[in-house]
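A.B. asks: Sequence:
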Amino acid sequence: MSESAAQTTLYGFETREPDLRRSDRSGCYDIKQLWQRSHEIIGLAIRGFKQKEIAEVLNISPVTVSNTLNSTLGREKTSEMREDRDKEFVDVAKEIARLSEKALKVYEQIFEAPSGDLKLKKETADTVLMDLGGHRAPTKLVTGHFTATAEEIESFKQRGIKAARDAGMLIEVKSGEAKASQASPLKVISQSSEGVQS
0 MSESAAQTTL
10 YGFETREPDL
20 RRSDRSGCYD
30 IKQLWQRSHE
40 IIGLAIRGFK
50 QKEIAEVLNI
60 SPVTVSNTLN
70 STLGREKTSE
80 MREDRDKEFV
90 DVAKEIARLS
100 EKALKVYEQI
110 FEAPSGDLKL
120 KKETADTVLM
130 DLGGHRAPTK
140 LVTGHFTATA
150 EEIESFKQRG
160 IKAARDAGML
170 IEVKSGEAKA
180 SQASPLKVIS
190 QSSEGVQS
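If you count the sequence shown from 1, position 48 lands on 47 in my numbering, and the numbers rise without skipping.
Just so you know, not all the hints are guaranteed correct.
Unchecked claim - The calculated lysine-lysine pairs, modelled on PhoX-like cross-linking and capped at a C-alpha distance of 20 Å, are:
# : residue 1 : residue 2
1 : K121      : K104
2 : K104      : K120
3 : K121      : K101
4 : K86       : K101
5 : K104      : K93
6 : K104      : K118
Stated by the list, open to error - Distance ranges between label pairs, derived from CB positions:
#  : residue 1 : residue 2 : range
7  : E107      : D85       : 28 to 36 Å
8  : K86       : G47       : 12 to 20 Å
9  : D125      : E79       : 57 to 65 Å
10 : D125      : A92       : 17 to 25 Å
11 : R20       : D83       : 36 to 44 Å
Calculated from the structure, these hints are not laboratory results.
Please read all numbers here as calculations on a predicted model, not as lab measurements.
For each residue, glycine too, the CB sits at the ideal point set by N, CA and C.
Turn these sequences into a full structure, and let the hints guide you.
C.D. replies: See below:
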């Protein structure tokens with residue numbers, strides 16, 4: 000073979016004959032029509048589900064999901080749905096920008112008004128400007144967990160009871176009274192500067 004007939008492989012090596020180890024997708028299954036299940040698969044994929052999750056949700060094979068999403072029709076439909084979704088986001092962003100301008104005008108009215116109750120307008124402007132406009136301070140959630148022994152839990156209970164006594168509010172129920180009469184009201188003891196009241 001001549002030099003012009005040599006081909007370059009994926010990794011840059013020259014070969015003289017075609018690589019028969021790799022095949023094109025022409026032999027793979029390509030769906031011919033989108034059915035209701037196909038639309039469900041594509042819809043879940045657009046919403047961010049992974050292929051295995053889609054297969055579990057719809058109780059079908061992951062291969063079916065892969066064939067649907069990788070087919071020519073599946074790719075076209077996915078592209079159309081993403082374009083529609085992006086257009087909706089643009090429309091919503093324009094509407095929020097328009098409402099933000101109105102909210103700023105309401106703020107101007109509040110600052111310029113000598114008196115009057117504009118509380119409702121202010122709350123509406125806060126909602127539009129802060130929440131919808133994206134100017135709200137970020138909310139930070141701190142979570143954690145720990146394992147406590149029975150002694151530690153009892154210690155927490157005693158600290159809670161002591162704090163309730165110090166605050167002046169405590170509900171005390173004796174174990175014998177609670178068992179004798181289920182319908183009897185609880186005795187609430189509040190402590191004030193004059194003494195104990197019941």
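A.B. asks: A separate judgement is required for each hint: does it hold in the structure or not?
C.D. replies: Tested hints:
For the hint linking K121 to K104, the alpha-carbon distance of about 11 Å falls within 20 Å, and the restraint holds. Annotation: proposed proximity of K104 to K120 holds, straight-line Cα distance about 10 Å (limit 20 Å). With a C-alpha separation of about 11 Å, the suggested pair K121 and K101 falls inside the 20 Å cut-off, and the hint holds. A hinted pair counts as satisfied when its Cα atoms are at most 20 Å apart, and K86 with K101 does not qualify at roughly 23 Å.
Pair hint K104 plus K93 holds up; C-alpha atoms about 17 Å apart against a cutoff of 20 Å. The hinted pair formed by K104 and K118 meets the criterion: a straight-line CA distance of about 15 Å does not exceed 20 Å. Between E107 and D85 the C-beta distance comes to about 34 Å, which sits within the given range of 28 to 36 Å. Distance hint check: the CB atoms of K86 and G47 are about 19 Å apart, consistent with the given range 12 to 20 Å.
Taken as a hint, the range 57 to 65 Å is violated for the pair D125 and E79, whose Cβ atoms sit roughly 38 Å apart. Look at D125 against A92: about 20 Å separates their beta carbons, and that is inside 17 to 25 Å. Taking 36 to 44 Å as the suggested C-beta distance range, the pair R20 and D83 conforms, at roughly 41 Å.
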